[in-house]
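Following the hints, position chain W against chain A.
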Amino acid sequence: MNVEHVDIAVVGAGPAGLKAAQIAARAGARVALIDDNPRPGGQIWRQGPTLAPSAQLHQWLDETRAHANLIVMNGTKVAAAPEHNRLLLERDGAPLTLAYSKLILATGARERLLPFDGWTLPGVTGAGGLQALVKGGMPVRGERIVVAGSGPLLLAAADTARRHGAHVVAVVEQASLARVGRFVASLSLTTGKLAQAVRLGIACYRTGSVVVRAHGNARVEAVTIRARGREATLEADRVACGYGLVPNVTLALALGCSIDERDGAIHVDDSQRTSQEHVFAAGECTGIGGMELASVEGAIAAHAALGTAADARLVRERDRWRAFAWRVAHAFELGPDARALPSPDTVLCRCEDVSIADVAAHANWRDAKLQTRCGMGPCQGRICGEAAAIYFGWPRTAARPPFTPVRIDTLIAARESTETPVS
Amino acid sequence: MAERVRVIIDGEPLAVPAFTTVAAAIAMRGVGGTRRSVTSEPRAALCGMGVCHECRVTVDGRAHVLGCQTLCRDGLSIETMR
Numbered sequence: 001m002n003v004e005h006v007d008i009a010v011v012g013a014g015p016a017g018l019k020a021a022q023i024a025a026r027a028g029a030r031v032a033l034i035d036d037n038p039r040p041g042g043q044i045w046r047q048g049p050t051l052a053p054s055a056q057l058h059q060w061l062d063e064t065r066a067h068a069n070l071i072v073m074n075g076t077k078v079a080a081a082p083e084h085n086r087l088l089l090e091r092d093g094a095p096l097t098l099a100y101s102k103l104i105l106a107t108g109a110r111e112r113l114l115p116f117d118g119w120t121l122p123g124v125t126g127a128g129g130l131q132a133l134v135k136g137g138m139p140v141r142g143e144r145i146v147v148a149g150s151g152p153l154l155l156a157a158a159d160t161a162r163r164h165g166a167h168v169v170a171v172v173e174q175a176s177l178a179r180v181g182r183f184v185a186s187l188s189l190t191t192g193k194l195a196q197a198v199r200l201g202i203a204c205y206r207t208g209s210v211v212v213r214a215h216g217n218a219r220v221e222a223v224t225i226r227a228r229g230r231e232a233t234l235e236a237d238r239v240a241c242g243y244g245l246v247p248n249v250t251l252a253l254a255l256g257c258s259i260d261e262r263d264g265a266i267h268v269d270d271s272q273r274t275s276q277e278h279v280f281a282a283g284e285c286t287g288i289g290g291m292e293l294a295s296v297e298g299a300i301a302a303h304a305a306l307g308t309a310a311d312a313r314l315v316r317e318r319d320r321w322r323a324f325a326w327r328v329a330h331a332f333e334l335g336p337d338a339r340a341l342p343s344p345d346t347v348l349c350r351c352e353d354v355s356i357a358d359v360a361a362h363a364n365w366r367d368a369k370l371q372t373r374c375g376m377g378p379c380q381g382r383i384c385g386e387a388a389a390i391y392f393g394w395p396r397t398a399a400r401p402p403f404t405p406v407r408i409d410t411l412i413a414a415r416e417s418t419e420t421p422v423s
Numbered sequence: 001m002a003e004r005v006r007v008i009i010d011g012e013p014l015a016v017p018a019f020t021t022v023a024a025a026i027a028m029r030g031v032g033g034t035r036r037s038v039t040s041e042p043r044a045a046l047c048g049m050g051v052c053h054e055c056r057v058t059v060d061g062r063a064h065v066l067g068c069q070t071l072c073r074d075g076l077s078i079e080t081m082r
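Chains as they are written, first to last, in UniProt numbering: chain A, 1 to 423; chain W, 1 to 82.
This is chain A alone, in the form it adopts within the complex (with noise of 0.2 angstroms):
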């Protein structure tokens, strides 16, 4: 099997590893980029068939063309790290050995998608869910749609619905509209872009609400929303909810990274180091903060990784974005109407169809899915175990290698590499 061999290995081209290994292709290291979408820019910066890349995506885009030094592999899977130092890659279907000396993870975050009765019909969608699809290419224009969970991005997945002609009937937040009024109220001109988009949802935005029902047959034709105990239920096409970002650790934890049990991130030191010797990590996966902070932790991550020295202003500019995380965090932290069991016949692990009752009746994750299934399906409990951590309190665990599906012959072609001694 082919093995590529490079300094540093970045896993994710969002923002912040598309300026990791910007900087460290500027600096000369030999440099592979690997990330599983068709091109790069991750969610923030999709490109889609009416979409031209972003302004930051062109540059990057335009300065990395020269680099010879940096192999860019996209649809590119992680399949597992099965020695120091190496990543077991799937990248069209075949099989790829990476050797690296440093390895930068940028591993980016997935939506929170909690189960309610009837997520598991046609047109219920994420949040960002909806905007991922929308930028691909998905047709809304006219829909009726009703974007819900908490957070900004819900403003953002409306806005985009919108502009792709969709009728946003309502942006149903869980969090209160005291902490949300307070949360905008302490925006500053910096943050004027999310102020102005809180600005224009306003019109049809609902604080201290949460869906519990989608309606239809065989397609979403109805949502109920509860608040203050109160029901009501609106005509909707689609649904798109999400609550928040989860940290994407999957890598991280085969490759023994300490994380944070508080919010699922890896737990980085101030130079983006993680506990295990030569792999960094910086953006989302070490706690969500958005694009300015995923890239100047990008910045700071590939100084460390190619040994000089980060400037200051870099630092200083972390800690502002980090204050500001924590802002977002403290105002749509989830409340009781969000972390509320759904109807016991509600399906929780989609992959393999086991309702909240059944896992409910177990003790622990790991009976649970011995019992019944559960987060055993392909996504590997990415989006179940996710929300039986909220409402059961277990605690979160790891994938197995295959960290994602991938073809026999790419394990195959794993095994063969291990036992061949590697000159």
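Please keep in mind that the hints were generated in silico from the structure rather than gathered at the bench.
Here the structure is a predicted model, which is why all the values come from computation and not from measurement.
Ideal Cβ placement from N, Cα and C applies to all residues, glycine included.
Treat the hints loosely; a few may be bogus.
Where chain W lies over chain A, by a calculated footprint (3+ residues, C-beta under 8 angstroms) [stated by the list, open to error]:
(1) 33 to 39
(2) 106 to 115
(3) 135 to 146
(4) 211 to 221
(5) 351 to 360
(6) 376 to 387
Showing chain W alone in chain A's frame:
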């Protein structure tokens, strides 16, 4: 007008703008869905970013391909599991 590519979804041709994802192309036929769950419920793309695997379809004969992380190109054959 953006460049268009032609794909085949469940035997039917469909022209879509270049760089449309397979998940988006499937949604162009309606909210319908991508697969049947283990208890035969219809399902469609959920997370949109390669995590939940609800959008998995067969692409050019290869099973379990994530529609949200695959771009349409000319001649691509997509089979849903509806």
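Examine the segment 135 to 146 of chain A for residues whose CB is less than 8 angstroms from any CB of chain W, and state whether their number is three or more.
holds (count 4)
Count the residues of the segment 351 to 360 of chain A with a beta-carbon closer than 8 angstroms to any beta-carbon of chain W: does the count reach three?
holds (count 3)
Under a C-beta cut-off of less than 8 angstroms, do 3 or more residues of the segment 376 to 387 of chain A approach chain W closely enough to confirm the stated coverage?
holds (count 5)
Are there three or more residues in the segment 211 to 221 of chain A whose C-beta lies within less than 8 angstroms of some C-beta in chain W?
holds (count 3)
Using a Cβ cutoff of 8 angstroms, are there at least 3 residues of the segment 33 to 39 of chain A near chain W, or does the coverage claim fail?
It holds: at least three residues are needed, and the segment 33 to 39 of chain A offers 4 whose Cβ sits within less than 8 angstroms of chain W.
Using a Cβ cutoff of 8 angstroms, are there at least 3 residues of the segment 106 to 115 of chain A near chain W, or does the coverage claim fail?
holds (count 3)
Taken one by one, the earlier hints all hold for this structure without exception.
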